[in-house]
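Number of protein chains: 2
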Amino acid sequence: MKVRVGVLGYGTIGARVADAIAKQPDMVLIGVSKRTPDYRAEAAVRRGYALFVPKNSIPAFEEYGISVAGSVEDLLRQVDVIVDATPKGVGAKNKPLYQQFGVKAVFEGGEKHEVAGVSFVAQCNYEEALDKQFVRVVSCNTTGLCRTLGALDGKYGVEHVFAVIIRRARDPDKADTKGVINTVVLDPVSIPSHHAPDVRTVLKHLPIVTTAVKVPTTYMHVHAIMVLLRNPPSNVESVIETFEEAPRIIVRGSREGIVSTATALGYVRELGRLRDDLYEILVLRESITLKGNRLYYTQFVHQEADVIPENIDAIRAITSLSDRESSIRTTNQTLSILDR
Amino acid sequence: MKVRVGVLGYGTIGARVADAIAKQPDMVLIGVSKRTPDYRAEAAVRRGYALFVPKNSIPAFEEYGISVAGSVEDLLRQVDVIVDATPKGVGAKNKPLYQQFGVKAVFEGGEKHEVAGVSFVAQCNYEEALDKQFVRVVSCNTTGLCRTLGALDGKYGVEHVFAVIIRRARDPDKADTKGVINTVVLDPVSIPSHHAPDVRTVLKHLPIVTTAVKVPTTYMHVHAIMVLLRNPPSNVESVIETFEEAPRIIVRGSREGIVSTATALGYVRELGRLRDDLYEILVLRESITLKGNRLYYTQFVHQEADVIPENIDAIRAITSLSDRESSIRTTNQTLSILDR
Chain S
1 MKVRVGVLGY GTIGARVADA IAKQPDMVLI GVSKRTPDYR AEAAVRRGYA LFVPKNSIPA
61 FEEYGISVAG SVEDLLRQVD VIVDATPKGV GAKNKPLYQQ FGVKAVFEGG EKHEVAGVSF
121 VAQCNYEEAL DKQFVRVVSC NTTGLCRTLG ALDGKYGVEH VFAVIIRRAR DPDKADTKGV
181 INTVVLDPVS IPSHHAPDVR TVLKHLPIVT TAVKVPTTYM HVHAIMVLLR NPPSNVESVI
241 ETFEEAPRII VRGSREGIVS TATALGYVRE LGRLRDDLYE ILVLRESITL KGNRLYYTQF
301 VHQEADVIPE NIDAIRAITS LSDRESSIRT TNQTLSILDR
Chain X
1 MKVRVGVLGY GTIGARVADA IAKQPDMVLI GVSKRTPDYR AEAAVRRGYA LFVPKNSIPA
61 FEEYGISVAG SVEDLLRQVD VIVDATPKGV GAKNKPLYQQ FGVKAVFEGG EKHEVAGVSF
121 VAQCNYEEAL DKQFVRVVSC NTTGLCRTLG ALDGKYGVEH VFAVIIRRAR DPDKADTKGV
181 INTVVLDPVS IPSHHAPDVR TVLKHLPIVT TAVKVPTTYM HVHAIMVLLR NPPSNVESVI
241 ETFEEAPRII VRGSREGIVS TATALGYVRE LGRLRDDLYE ILVLRESITL KGNRLYYTQF
301 VHQEADVIPE NIDAIRAITS LSDRESSIRT TNQTLSILDR
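Note that the protein sequences, when read in sequence, are chains S and X. Numbering-wise (the working numbering), the first sequence opens with residue 1 and increments by one. Numbering-wise (the working numbering), the second sequence opens with residue 1 and increments by one.
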């Protein structure tokens with residue numbers, strides 16, 4: 001018996017999640033939903049995805065020449081789970097609809113923790129989402145922080161974290177008439193940024209302070225991190241091993257020629273990934289530095305992609321389809337996620 | 001009796017130092033030296049500065065139509081002090097010349113500490129340079145770190161610092177055919193960056209780790225800093241006071257509308273400063289955050305300007321013209337440096 005899934009909101013995250021769902025052996029993608037007809041809608045149809053649109057949008061799609069399978073309500077009637085990848089705040093407004101139709105829902109990081117009640121990073125707290133009606137996959141940055149810091153906390157104990165988040169200003173495929181050009185914007189000026197409390201929606205007791213800036217780039221966030229460890233290892237190799245043993249973390253660096261987000265893009269392209277997607281958190285090998293109980297490292301987070309596997313695992317968790325380990329294994333295999 | 005000063009290398013730093021020297025009541029600018037004729041050389045002549053050029057460059061200047069006052073050797077014969085603002089590494093090559101002519105010299109941060117033997121930030125270690133033949137003004141980033149961390153160390157004691165340096169990739173007025181575009185470049189991947197040991201050439205025992213990235217901007221470096229304090233104050237106001245009492249540190253932020261390097265540029269322009277020069281380190285008020293003995297803050301460093309007052313004070317220190325306090329006071333008054 002496969003889980004029937006629908007995707008509401010077919011943008012940066014929604015399109016990727018739909019592709020990932022279509023690859024899962026235990027899921028069926030019933031269809032996707034979109035408000036406006038455009039190249040993405042065409043691509044969805046080309047991929048064979050049934051397109052469900054708001055009733056008042058049907059004429060616009062017909063005029064564009066895209067055939068529609070039904071309304072959003074039609075989609076909701078056919079699914080067990082909705083992945084709500086609508087813009088920030090819209091998920092909260094959609095929630096009553098999911099309650100009305102009795103479907104489970106996966107929300108994204110743009111929604112507040114309270115909308116779902118459970119915030120989720122598969123390798124950190126899969127069990128917390130088991131059989132719940134709602135779950136929230138945290139944002140790309142929070143996911144990246146949780147993956148590496150969760151691994152470190154599990155192995156060595158984390159006493160304090162200071163992370164500086166250097167954010168790409170905009171996604172590579174977005175239109176923008178203003179935007180961050182030739183400046184570093186404090187986002188916000190005050191410390192901590194929202195990332196620290198957001199990490200604690202997953203890793204409840206992690207003592208972390210974050211600060212964030214936006215810079216004029218489009219691909220990948222950069223995290224410069226200092227961690228105070230309770231029981232530090234004696235050498236950096238142990239830390240590398242801890243990262244490599246954890247799911248969805250890879251360690252790369254100067255050896256492979258990766259010294260910037262641009263060279264990381266080159267690396268991902270050579271992996272043959274659709275849409276330049278790096279699902280894994282890339283920790284820079286030569287950045288990993290241990291001084292007593294203080295660990296320093298730098299990591300790259302692909303803002304469009306790292307949460308995609310979490311969405312798949314979140315679907316399995318709330319439907320109790322499988323346990324953490326086998327869900328992560330299936331997701332990783334189907335998405336060709338690197339082991340280490 | 002005024003100190004006779006010459007400036008060798010009339011670029012980003014040299015031109016600014018020359019202007020600053022010309023404003024000092026106890027110094028005479030004998031002249032400046034430049035290798036190639038261009039708009040800067042014209043501007044120097046327009047300002048009334050005598051131009052001394054390498055012997056083999058004299059024909060090029062004459063052809064350009066710029067009259068030359070003499071050779072570099074002619075300049076060296078007339079000065080007590082040379083400020084060597086030549087490109088990185090050239091200062092070390094020039095040093096034997098200064099020894100031969102018996103002139104004192106101020107080197108810049110592009111040179112190694114060993115070239116001068118004393119590295120200098122006026123408010124941190126003025127006395128160390130007194131009566132020396134050579135002194136090195138440290139780089140813009142190191143100067144920025146030393147100013148605020150020196151103030152904190154003097155007041156509260158610093159046990160550990162982690163600073164993330166988000167560097168502008170290029171100066172606003174430089175030509176570049178490649179450069180950092182739409183990427184964050186780790187500079188370098190390994191931790192620490194050279195800034196940490198460089199800070200310790202001035203603040204000898206400061207326990208500091210730094211990491212640096214380059215981003216596609218041209219105006220100002222951004223420092224995100226965490227400091228572990230030995231005897232922390234009870235509130236942020238005390239930290240603000242410590243910064244404001246120290247020379248060449250100003251505290252600004254959202255209140256004034258300064259939330260990015262771009263809005264900081266707007267602020268500096270309204271100060272009426274030539275060449276958009278911010279001599280002061282700008283600490284962002286709302287970023288100053290105290291959690292127990294951990295202090296977090298963000299600061300802006302204008303890479304072209306913050307070392308200019310240090311050059312003036314360095315001249316006074318090595319010629320024993322005055323003590324620290326009166327030198328800083330005179331420099332600040334003549335350059336209209338803000339008190340707080």
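By construction, these hints were calculated from the structure, which means they are not laboratory data. Predicted model, so just to flag it, every value in this text is computed and none were measured. Worth double-checking, as some hints may not be accurate.
[Claimed, not checked] Some but not every residue of chain S turned toward chain X, in silico, with C-beta under 7 Å: (1) 45; (2) 162; (3) 211; (4) 217; (5) 259; (6) 261; (7) 262; (8) 286; (9) 290; (10) 293.
[To be verified] Here are the simulated DSS-like pairs of lysine-lysine, each with C-alpha atoms no more than 25 Å apart in a straight line: (11) S/93 with S/155; (12) X/132 with X/204; (13) S/204 with X/88; (14) S/291 with X/204; (15) X/291 with S/291; (16) X/88 with X/178.
Don't be surprised by glycine CBs; every beta carbon is placed ideally from N, CA and C.
The hints, checked one at a time:
A cut of 7 Å between beta carbons decides the hint on residue 45 of chain S: the least distance to chain X is about 32 Å, and the hint is violated. The interface hint given for residue 162 of chain S is met, as the beta carbon of that residue sits about 4 Å from the closest beta carbon of chain X, less than 7 Å. Taking 7 Å as the C-beta contact cut-off toward chain X, the hint placing residue 211 of chain S at the interface holds, the least distance being around 5 Å. Annotation: interface hint on residue 217 of chain S holds; nearest CB of chain X at approximately 5 Å, less than 7 Å.
Below 7 Å, beta-carbon pairs count as interface contacts, and residue 259 of chain S has one with chain X at about 5 Å; its hint therefore holds. Evaluation of the residue 261 of chain S hint against chain X yields a held restraint, the C-beta minimum of about 5 Å falling below 7 Å. The criterion of a C-beta within 7 Å of any C-beta in chain X is met by residue 262 of chain S, whose closest approach is roughly 4 Å, and the hint holds. For the restraint placing residue 286 of chain S at the interface with chain X, the shortest Cβ-Cβ distance is roughly 4 Å, inside the 7 Å limit, so the hint holds.
With a least beta-carbon distance of about 10 Å to chain X, the hint placing residue 290 of chain S at the interface is violated under the 7 Å criterion. With 7 Å as the threshold, the beta carbon of residue 293 of chain S stays out of range of chain X, its nearest partner Cβ sitting at about 11 Å, so the hint is violated. With a C-alpha separation of about 40 Å, the suggested pairing of residue 93 of chain S with residue 155 of chain S is violated against the 25 Å cut-off. Only pairs whose Cα atoms come within 25 Å are accepted, and residue 132 of chain X paired with residue 204 of chain X is accepted, the gap being roughly 18 Å.
The hinted pair formed by residue 204 of chain S and residue 88 of chain X fails the criterion: a straight-line CA distance of about 49 Å is larger than 25 Å. At roughly 19 Å between alpha-carbon atoms, residue 291 of chain S and residue 204 of chain X fall within 25 Å of each other, so this suggested pair holds. A threshold of 25 Å between alpha carbons decides the hint, and for residue 291 of chain X with residue 291 of chain S the separation of about 23 Å falls inside it, so the pair holds. Of the supplied pair hints, the one linking residue 88 of chain X and residue 178 of chain X holds, its CA atoms being roughly 20 Å apart against a limit of 25 Å.
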